[in-house]
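Just so you know, the sequences run in chain order W and E. In this text, residue positions in the first sequence follow the working numbering: the first is 4, and each later residue adds one. In this text, residue positions in the second sequence follow the working numbering: the first is 4, and each later residue adds one.
For the record, the hints were derived by calculation from the structure and aren't laboratory data. Warning: the hint list may mix true and false statements.
To be verified - To be clear about the criterion: a stretch of chain W counts as covered by chain E if any three or more of its residues have a C-beta under 8 Å from a C-beta of chain E, and this derived list gives those stretches:
1. 499-512
2. 680-694
3. 724-737
4. 757-765
5. 813-825
Stated by the list, open to error - Listed below are the simulated DSBU-like cross-link pairs for lysine-lysine, each with C-alpha atoms no more than 35 Å apart in a straight line:
6. W:507 x E:655
7. W:655 x E:507
8. E:655 x W:724
9. E:724 x W:358
10. E:839 x W:410
11. W:238 x W:200
12. E:238 x W:839
13. W:69 x W:128
14. W:410 x W:375
15. E:507 x E:436
16. W:724 x W:609
17. E:839 x W:238
18. W:238 x E:735
19. W:724 x E:238
20. W:329 x W:86
21. W:238 x E:724
22. W:735 x E:238
23. E:563 x E:839
24. W:724 x E:358
25. E:358 x E:335
Claimed, not checked - Pair by pair, the computed Cβ-Cβ distance ranges are:
26. E:749 x W:355: 51 to 59 Å
27. W:688 x E:231: 14 to 22 Å
28. E:111 x W:860: 52 to 60 Å
29. W:731 x E:586: 57 to 65 Å
30. E:437 x W:488: 51 to 59 Å
31. E:488 x W:731: 20 to 28 Å
32. E:164 x W:688: 38 to 46 Å
If you're wondering where the values come from, they're calculated on a predicted model, not measured in any experiment. For each residue, glycine too, the CB sits at the ideal point set by N, CA and C.
2 protein chains.
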Amino acid sequence: MTKWVYGFGADQTDGDASLRDLLGGKGANLAEMASLGLPVPPGFTITTDVCTAYYDNDQNYPETLKAEVDASLAAVEKSMNMKFGGSENPLLVSVRSGARVSMPGMMDTVLNLGLNDETVQGLAKQSGDDRFAWDSYRRFIQMYGNVVLGVDHHEFEDVIDGFLRHNDLKQDTDITAEGWQEIVEEYKELVERDTGKPFPHDPQEQLWGAISAVFDSWMVPRAITYRRINEISDKWGTAVNVQSMVFGNMGEDCSTGVAFTRDPATGENYFYGEYLINAQGEDVVAGIRTPQSLTIQGREKEGSDLPSMEETMPEVFAKLDILRTKLETHFKDVQDIEFTVQSGELYLLQTRTGKRTAQAALKIAVDMVDEKLITQDEALLRVDASSLDQLLHPTLDPNAHKDILTKGLPASPGAASGQVVFNSDDAEALANKGVSVVLCRQETSPEDISGMHAAEGVLTSRGGMTSHAAVVARGMGKPCVAGAGEIHIDSASRMIRVRDREIKEGEIITIDGSTGEVMAGEVATIQAELSGDFESLMGWADDRRRMEIRANAETPLDAKTALEFGAQGIGLCRTEHMFFDADRIQNVREMIFAVTEESRRDALEKLLPAQRSDFAGLFKIMDGLPVTVRLLDPPLHEFLPHSEADIEHFAKTAGIDGDQVRRRLGDLTETNPMLGHRGVRLGITYPEIYEMQARAIFEGALEAGGNIIPEIMIPLVGAQKELAMMRGVVEKTAAAVFEEQGKSLEYMVGTMIELPRAALTADEIAHSADFFSFGTNDLTQTTLGMSRDDAANFLPSYVGHGIFERDPFTTLDVDGVGRLVELAKVSGRATNPDLKVGICGEHGGDPASIMFCEQIELDYVSCSPYRVPIARLAAAQASIAEEARLGKPEADKAKKAA
Amino acid sequence: MTKWVYGFGADQTDGDASLRDLLGGKGANLAEMASLGLPVPPGFTITTDVCTAYYDNDQNYPETLKAEVDASLAAVEKSMNMKFGGSENPLLVSVRSGARVSMPGMMDTVLNLGLNDETVQGLAKQSGDDRFAWDSYRRFIQMYGNVVLGVDHHEFEDVIDGFLRHNDLKQDTDITAEGWQEIVEEYKELVERDTGKPFPHDPQEQLWGAISAVFDSWMVPRAITYRRINEISDKWGTAVNVQSMVFGNMGEDCSTGVAFTRDPATGENYFYGEYLINAQGEDVVAGIRTPQSLTIQGREKEGSDLPSMEETMPEVFAKLDILRTKLETHFKDVQDIEFTVQSGELYLLQTRTGKRTAQAALKIAVDMVDEKLITQDEALLRVDASSLDQLLHPTLDPNAHKDILTKGLPASPGAASGQVVFNSDDAEALANKGVSVVLCRQETSPEDISGMHAAEGVLTSRGGMTSHAAVVARGMGKPCVAGAGEIHIDSASRMIRVRDREIKEGEIITIDGSTGEVMAGEVATIQAELSGDFESLMGWADDRRRMEIRANAETPLDAKTALEFGAQGIGLCRTEHMFFDADRIQNVREMIFAVTEESRRDALEKLLPAQRSDFAGLFKIMDGLPVTVRLLDPPLHEFLPHSEADIEHFAKTAGIDGDQVRRRLGDLTETNPMLGHRGVRLGITYPEIYEMQARAIFEGALEAGGNIIPEIMIPLVGAQKELAMMRGVVEKTAAAVFEEQGKSLEYMVGTMIELPRAALTADEIAHSADFFSFGTNDLTQTTLGMSRDDAANFLPSYVGHGIFERDPFTTLDVDGVGRLVELAKVSGRATNPDLKVGICGEHGGDPASIMFCEQIELDYVSCSPYRVPIARLAAAQASIAEEARLGKPEADKAKKAA
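Chain W on its own, in the form it takes in the complex (with noise of 0.2 Å):
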């Protein structure tokens, strides 16, 4: 038969952490301590199961419930020799819900349950306090009434006001016993008018309501909404607490706290809460008083004036402190207790893994190593990769007073302050005057290349995650927040408007890159330094990940940036940034207007030392390291001007008609860009600006010397014969490079797989590739049939229903795109077994994607320089879980490790 219901206490505990399906989060937890033989006040959890079996009968429960409820209480009255109802010693219980992970929406806690017309006698007599007692039965009308019977909190609010004013009193605290007395009348009235039906005095009605409420707000929308969007079964439902309450707040020797093992700001490893004496759990997080420091340490830390509990109750603070010891070498983690000290007896409510910021959860990772506590494979899980963003970014300090505009997507991570500029020429112009500028337009272009280094940070009110500007300024470690839609940037009389609101040019603005958030004004930041404990973590995740990590990178600095953050090599060298420069462009744009193929070369020409020293820079730098080299890829017009003044001066300097500018560059636009005339179809059409390329990065990599392969890669290849046509243009380019010079040097032929049509037929392209790089940003466009700059009208709503759990342009789309990179990857290694295969898209520094990328056992992955440590913490992690997940012997790690 069923076991619906699970005791825990010092007599008898059925439970433990393991059962936290069964018995959810809160109720395992409890179990857990109770069995440890820690002070918990009895009670017992109605399963999960219950929740479900209600649900699957017509909202009825299981026939042996009530008796094992009853058995269940009952065991209870006896430890704690008093009697649920009874007029003496009256035994008052609280009921909380319990799901595996918490949710909100969920009804969440009452406490008090139990009390009564004649309890209250009961409880007054046994803690020789009227008023206690008398405020602890209207505290229990008011929270049953709300969260159980509905009755909305500010009437209840609006009884004790009008008390107090009747009554010409100022506060709360002012209520006698007698007042609290009248005003219980006044809440059974109330209640009794609101819901048409006396207030329970029976405290077995009492309970079963309270349950009733909890399974009841597991199908409330709010609940159900969370679930579909967090893919939370229905079935797993929730299980429901009873446990006997305990008191704060009985006198002097009582008091109630919440407390951390450790720090959970700075992770420093001292006895970290807060706690009041005579109190109530809620008090202390109410802040009506202030609460107190637990430890002398912490007191000095705070410089505060309030005795530390330490100091008040010395006893059973030396109890809690070896709680503090056996918790965390029991969980072997940081642990965020509750607890109450009624009558100087301790109690523990309640312990859970402690919440602790990315500084924090980096420290206590560390030390709980060298203090032998966990492994170091432990502790690599321990730290969310994603969240080391955090500490290699300013951020806004978190006392700073906000004045929020609008939020947009929270681009790229870090917060700048600035003044607004319009245009790339006003920020740099400013900049060079030190002044701080952020960039604000309605999306960036490579145009704008310039001006976001010069600022501080980028703004734009259009494009996605993936935009133009996200992606450069990710790529920059430059603070950035995209697509924030409420703004329009109003250039031509230079200010911004949000709402009612506008922002002149020049007003400082503050961005917040990690969360999206635009402020009005500066918000002050601060700057979290790489500790010691960072270059250990990263050390052993270098130690445990299989996968190699590089970066995406085209200048020295980026370069040198990469390097410094661990980068194993380049998987990402787009070539067309080096053609934005100011002395460059002018022979871009002539090669683009050349009608011959000979006027084209001989622009080309003029291209080549630039793009050659742009090579042997570069690979001096990487010396030693793989550098993979993305051909030519943008449409042509992105290179022409598009202003009139632009277009006039391109004109006057090339000798060309403006007209005939302006013709050709209404010949080059394109209703699609993303899928027109780009990528590999510029080398078919113009193999000779690939050639050029070619015969830029062999000469660069001759001259820089050293021990360099280039990865040549073209991209944008859907066919084979794309591929081997222009692999041939590359060898012969090679070939005749390595006569003039005399000397020659190994190099590898590639390409991106970035279009649907390269996935299905990569069995055929592996024969003219030596390496695969799926380029998943244009994957995941042409897959999903989603322009990433267009799509911030739509995918906002696509998120918030629930038809992608997470935006597809951050985190792989497994079931779509991923299934494409794997089929590509399976059959190219098919054909090609030596193929090397990586991911340089942007998922490349996400580390969900990263689990994908080690569970299909790709080669690397490549991300951009600033997310290189995230991408080194996540590729360990994925090994640790694929490691996991195929149940690999510990005796493999071990060797491994050797």
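Here the structure of chain W is known, so what remains is to put chain E in place on it, guided by the hints.
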């Protein structure tokens, strides 16, 4: 031991028509004729295996080849009673290449091989005609010198010109035997001067030189390119045919000619052909003398005075006429014959299947069934489905003069002439006055539809085979040339520029949508008529095909046309086309400008009656047939005004500020509209739009009465939840309408599969779908990452390089897109075995794509009304081919027919 040489002739023939791969097309047919006992000059074929061995072995021949050739030559000598290289009665031969399929660039023919200074004497004696002998000799040197030794043919002509000038003669026929003898000497000197070696005297050396020239020509660049484009393997190789010469120019009892067993232009069953007395084959083709008709009937048809062969050589003609019947009976198809009469003796030199016009193909196929020569299945396979287009549209008079300006893509078949106009309004205005116009646009948009209707044809300078102009024009059955990139359409100065020519507004041009040609002035057209043969063939096709054929149509006119052409329902009704009507677009725009759901609902409310009556009308026409209605698909900005005048007009009418309109326009502009906020994404963000459309469909269907099962199709679905949500909206609306009206009807809800992700997750999507319709236009765009509107700049180059065999927007890319289609079909059916599956992209009207649809067993194809007959025939051909491929027993077919 491999047999390298196959003899043919009266005495012994080794091969037959089945050995085409080994003997090549020509050799196999010669063997076939010989083995039928037809009068073929004896000879032998060196097999294609020799070619392969030759290249596998560094251009060396197999060891035993020489001996086999010698033996075969000896057999020919014996059969002809002549001696190769003999001074008496010398045997002369022709040497010809002969691959499986004919191939440009390959060496064609050397005649009269075996002549030298001695054998020419023998030939003179044998023929009794010195002049003939020396003329033959000089022809041989000329031909051999050119094709085998590489001497430019102009140099030979210069020699003759010099001789004529020097001797004051006018033409070749004035040259005597002695003259030719002199020329032969000069020829030999020319060859020695050019090649550094004397012209080969030894007939054996001549023979092997010619054989090697054939094999070497297999690998000339032009042949290699041709094979690459046509996917012919290099391994196939070519054969070499060596055949004894016969002469039609040895006197008045000699003649030569070509004949078709039926009229290849009309298909009429009479002996069609031409001959010349005392002439060589090349004379008939060269056009120096006017060839004469074979038959009296032919002569009379042509109104010619020259006597027919039936009259001049009645006995030989009678023999030829018997062979005609014999050949047709044997090959069961029209034969294209070459014959020569030497001294009254008839020889057949070649027979092959005769090429014919579409009209002829149709008539011949139907006639031959009536004659019980072939089966209905064979008849169905004899007509090229695509060629039916020629029968349905007017074509250019092939005899008319054409002043070709440029060539674009043959986007919609048929020819049209008219005045150049640059916008829809002008097109309509002039058309209303009865003036024929051709609408010329850079590209068309939905706003141009009325202008396209009014015009005789459409010309665009941009866009591909599936651009808006192309798709809409095909749907209308209106000629269209798209993407004519050389044309600059300058609508400001109202002219077209093509290279150095200018065509002003109002001048007349002609476009041929079947070839892509654009011509200045008016070119006469002819209109082919649909004969009873057409109906017969279509009837057989309908009996034979497995797949249903539907049409893509939304207007009553389209729907009626579709029914006339035999459509069995509508596979794609694009509801947005209903939004462009002048009286509706205002409401559509107001709907777009609505800022709240409520005001949007108000605007939709106004659109409802119009949509309802559209559907009611369509359903009435299509009574009893399925109609698939696609809900709103294009991005909203397509409906907005774009010109300043339109913007102002709209703003005024709607009572909105013009700037507000412009701002909204800016907000809605997308970087890649193809991948933007459209399709189901509109339904997700504005469900009230789809709700209105669903209501219009249900109310319209109930109003129409009759027997209609609307199939409601949600476009651009990429995830199952999207479809589930929209299905919910449709079902809720259906329930509401049925409740209101007290009656109900059956309906289906399904989706277009047009994104790779939809195909990849079809197993999930099928949970919410009653049908899948493959939108292969968009699926091709996304799978290949190629915008059809922008592909004109590179796609021709792609097809030219053989990267894609054919335009993937015309013929389904089976390896990429096709793989997704098949995957989706299979996994969709696995989830939902009743899933109805069809295709509604442009590929639905393309025979090769229809073949693929049959192979993967789709339920139907849907195409533009004018392509319905093509699809009916192609589907029948596909059924027959699939049965053959799967080896279905004839019994099955019989059963099915019964």
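Which of the numbered hints are not met once you compare them with the structure shown? 1, 8, 10, 14
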